[in-house]
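K.L.:
Here the protein sequences line up with chains A and B, keeping their order.
Residue numbering for the first sequence is 1 to 362, as defined by this note's numbering.
Residue numbering for the second sequence is 363 to 755, as defined by this note's numbering.
Treat the hints with care, since some could be wrong.
[Unchecked claim] In silico DSSO-like pairs for lysine-lysine, Cα to Cα no more than 27 Å straight-line:
#1 A:Lys241 <-> B:Lys402
#2 B:Lys375 <-> A:Lys244
#3 B:Lys472 <-> B:Lys508
#4 B:Lys543 <-> B:Lys754
#5 B:Lys375 <-> B:Lys393
#6 A:Lys241 <-> B:Lys754
#7 B:Lys544 <-> A:Lys241
#8 B:Lys601 <-> B:Lys393
#9 B:Lys632 <-> B:Lys393
#10 B:Lys632 <-> A:Lys244
#11 B:Lys402 <-> B:Lys508
#12 A:Lys300 <-> B:Lys393
#13 B:Lys543 <-> B:Lys508
#14 A:Lys244 <-> B:Lys601
[What the hints assert, rightly or not] To spell it out: a stretch of chain B is covered by chain A in this simulated footprint if at least three of its residues, at any positions, have a beta carbon under 8 Å from a beta carbon of chain A; those stretches are:
#15 630-640
#16 696-707
#17 729-743
These are calculated hints, taken from the structure and not from any lab test.
The C-beta atom is built at its ideal place from N, Cα and C for all residues, glycine as well.
Chain residues, written in single-letter form:
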Amino acid sequence: MDFTIDTEQKALRDAVRELAGSLADNAPSTGDVPVGPNEHDEKAWSALAEMGVLGLTVPEELGGMGATPVELMLAAQELGKARVQSALPEAVLAAALLAELGTEEQKALLEGVSAGETLIVPALHEPMCSFSLQAHDVTATESGDGWALSGTKAPVRYAAAADRLLVTARAGEQTGVFLIEGAQAEGDVVTFDGASAQLVGSLDGAADALQRAVNVATVALLAEALGAMEGALAMTTEYLKSRKQFGVPIMTFQTLTQRAADMYVSVELARSAVQFAAMVAAEDPGATDHIRRARVVVGKAGRHVGQEAIQLHGGIGMTAEYAVGHYTTRLTAIEHTLGDTRQTIGELARTVRDHGAVDVFA
Amino acid sequence: MHRHLSEEDAAFKEKIREFFTTAIPEEIRTKAKEGRELTKEDIVTSQRILNEHGYAVPHWPVEYGGQDWTELQRHIWRDEMQAAGVPQPLPFNASMVGPVIAAFGSKELKDRFLPKTASLDIWWCQGFSEPDAGSDLAGLRTTAVKDGEDWIVNGQKTWTTLGQYADWIFALVRTNPEAPKKQQGISFLLIDMTTPGIEVRPIKLIDGGREVNEVFFDNVRVPGDQLVGEENAGWSYAKFLLGNERVGVAPVGMIKRWLAEAKEYAAQVKQGEGVVLDDPLVAARIAELEAEAMALELTVLRVAGNSKDGRPDPASSILKLRGSQLEQDTLELITDIAGPMSLMWSEADGGPVPVWATVSTPRYLNFRKASIYGGSNEVQRGIISGTILGLKG
Ligand SMILES: Cc1cc2nc3c(=O)[nH]c(=O)nc-3n(C[C@H](O)[C@H](O)[C@H](O)COP(=O)(O)OP(=O)(O)OC[C@H]3O[C@@H](n4cnc5c(N)ncnc54)[C@H](O)[C@@H]3O)c2cc1C
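Assemble the whole structure, with the sequences as input and the hints as a guide.
P.N.:
Laid out in structure tokens, this is it:
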């Protein structure tokens, strides 16, 4: 196993770092600073497209860069550190699925996806349902030479800005993935009432392909979380040095510095897990268990680092005008996107009997 | 030692539960339960009703609206109030400035302020913290300088919760910069927020709310009769207040209600063929939190009565420390139960995703404050290790 990155990968990372920095500089940081889930930002999206970030994991013959999840990780980590929220993980998922299962016509959409001209996002979550790749209440029935969808998906992040959605829906006992154009979104809620859609691939092949696509997107999410943790730790360390109370910098209080050390430990363990997940996905996006373990490590680390970053700052950490709380917000969202720590531990728990020791080389 | 409520206390509990669940408008209680932001009117309406029936400030002296209750009855009152989703009587009035005026104010100040403080005809805010005086509160720099009978106040307070609604502010100000110890030069002033020279600026928090403010004082003239107690003795009043705040903030009833609600939510969110509550991880977390909340409640019952000579038992730090942790753990759990639904932020009704789920993340984030305000958890541990265990490094 080799965790080093080559010169080309470094160059990509540095370029994204610079871009992310300039995007972050343009975001408002005083006055009515937006909080919570962001709106799709066309300008930032185009800039990412121009740098090739959106098409990183799209095959070259489909208009992408033909790079691997390792490059995706490097880019997403920089975005996380600079607090640039975007639909990148969602778009990666959609592209991976279409690249694997799509018809020629569907695959032709990926050129626009890589160019930032077409936004396709997954619609997996359903109201009052925990995360699952199986659709629960949204159904698809055959109608003519296509399919008709019924039911409600929510939350569908970036639904309002999306040109097309990839919707999971139940067809009999199976879950299929359906491509739909021009769905009506109200915020993050999308309701289908017999809307016509195309089946992507076949009903039989959908589950595994969807899991692989989720795994690649998860690498982007986890890497973004890693970047956010690095940012939060750096800000916290700086603050412990500069903030004075009782006439001394608060780093004088060992109870705080020891906890900063614990944050560092969490970040480094997360870094190993994220880089491992990227390597695994580059080799075999179907190695779900390894990626799930990485998700658990990063989920817990993100919670720990996000909470402590606010706590060690005191009141200022709670404010919208100060960046550190935004890291915590984003870490919380990432932890509940395309799966969550609780649900993932549940999935892993089901398979602990199937192996002896975990082998990171296999 | 004995465990059960006496017949009298059981009857008291019945009576008070009946009152909270019938006399306070259901609309306000539902809003509070769902974790939505309450308006000023909601809080005023609720406190007025409580006060008319003697339930707003039971821990005050009887002549100013208090009740001759036992510590246990006060606990029952607080617990039932939180269980019913009744907004707490405004803490700045009921638990902070009221008891200080009652204990240290002149007869004149008591008559002037206590009735309106109990009824919320005066909305108070707390002007203690400053940008450079947080945990190190005694480092405060806002000054008050004598000018004839009056005081002239200059400086800045911050983190002033609900200062945007406040009619008056109780502020710690430096009146003797020469005092040998910085704690000795501080006084406790009552200031009308409409006095010229005061400016309030809201601070937006990461959950999007605007519950805290900066308050600026530029040559604000404060009549001399608005000083509480003795000049330069404000620090001891502040310590008295902060001790009361710690006892008042152990929100056991609310934590218990949140846990009960968490179970209802987890029994509704579907997972596979079943529901999230079937997940042993979720059930185990709830079971643990219930055990921990029980220990907190019992500790409240055991130590809340120990306040001696107006000095709170240092063990009240336990209540602040554990209370804030359990609040935070419970809200974290609810966010996890909401799962992907926690990605939506909205207080709007009627959508397919219920409000408890769409406020879960902002509420979870908002309550990170609970381990910071009123003396951070690090400061509480310092009190426990220093004052109780005698570990003064
Ligand atoms: C939402 C909110 C509402 C508030 N409402 C009010 C209000 O209405 N009125 C009011 O006056 N104030 C209010 N406060 C202010 C609150 O009391 C302060 O935030 C608190 O005292 C901490 O001060 P600080 O924010 O300056 O943090 P700092 O004191 O700078 O602390 C930063 C970090 O250092 C730690 N630390 C500091 N000193 C020590 C030490 N000696 N040992 C170990 N660790 C230490 C802290 O625990 C924290 O982790 C509010 C705060 C918040 C967040």
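K.L.:
Does each hint fit the structure? Answer for all of them.
P.N.:
Hint check results:
A distance of roughly 40 Å separates the Cα atoms of Lys241 of chain A and Lys402 of chain B; the hinted pair therefore is violated under the 27 Å criterion. Restraint check: the Cα-Cα separation between Lys375 of chain B and Lys244 of chain A comes to about 48 Å, which exceeds 27 Å; the hinted pair is violated. Restraint check for Lys472 of chain B and Lys508 of chain B: satisfied, since their Cα atoms lie roughly 23 Å apart, inside the 27 Å limit. Distance restraint check for Lys543 of chain B and Lys754 of chain B: the Cα-Cα separation of roughly 19 Å lies within the 27 Å cut-off, and the hinted pair is therefore satisfied.
Between Lys375 of chain B and Lys393 of chain B, the direct Cα distance comes to roughly 24 Å. Compliance with the 27 Å bound is thereby established for this hinted pair. Among the hinted pairs, Lys241 of chain A with Lys754 of chain B is consistent with the structure: their alpha-carbon atoms are about 23 Å apart, no more than 27 Å. Between Lys544 of chain B and Lys241 of chain A the CA atoms are separated by roughly 24 Å; this keeps the pair inside 27 Å, and the hint holds. Between Lys601 of chain B and Lys393 of chain B, the direct Cα distance comes to roughly 33 Å. Violation of the 27 Å bound is thereby established for this hinted pair.
Between Lys632 of chain B and Lys393 of chain B the alpha-carbon distance is near 25 Å, which keeps this suggested pair within the 27 Å criterion. About 49 Å separates the Cα atoms of Lys632 of chain B and Lys244 of chain A, which puts this hinted pair outside 27 Å; it is violated. Simply put, Lys402 of chain B and Lys508 of chain B have alpha-carbon atoms about 35 Å apart, too far for the 27 Å limit, and the pair is violated. Under the criterion of a C-alpha separation no larger than 27 Å, the hint pairing Lys300 of chain A with Lys393 of chain B is inconsistent with the structure, at around 32 Å.
Among the hinted pairs, Lys543 of chain B with Lys508 of chain B is consistent with the structure: their alpha-carbon atoms are about 20 Å apart, no more than 27 Å. For the hint linking Lys244 of chain A to Lys601 of chain B, the alpha-carbon distance of about 22 Å falls within 27 Å, and the restraint holds. Against chain A, the segment 630-640 of chain B contributes 6 residues with a C-beta closer than 8 Å to a partner C-beta. That satisfies the three-residue criterion, and the hint holds. Counting residues of the segment 696-707 of chain B whose CB falls under 8 Å from any CB of chain A gives 10; the rule of at least 3 is met.
Counting residues of the segment 729-743 of chain B whose CB falls under 8 Å from any CB of chain A gives 9; the rule of at least 3 is met.
Violated hints, listed in ascending order, are 1, 2, 8, 10, 11 and 12; each of the other numbered hints is respected by the structure.
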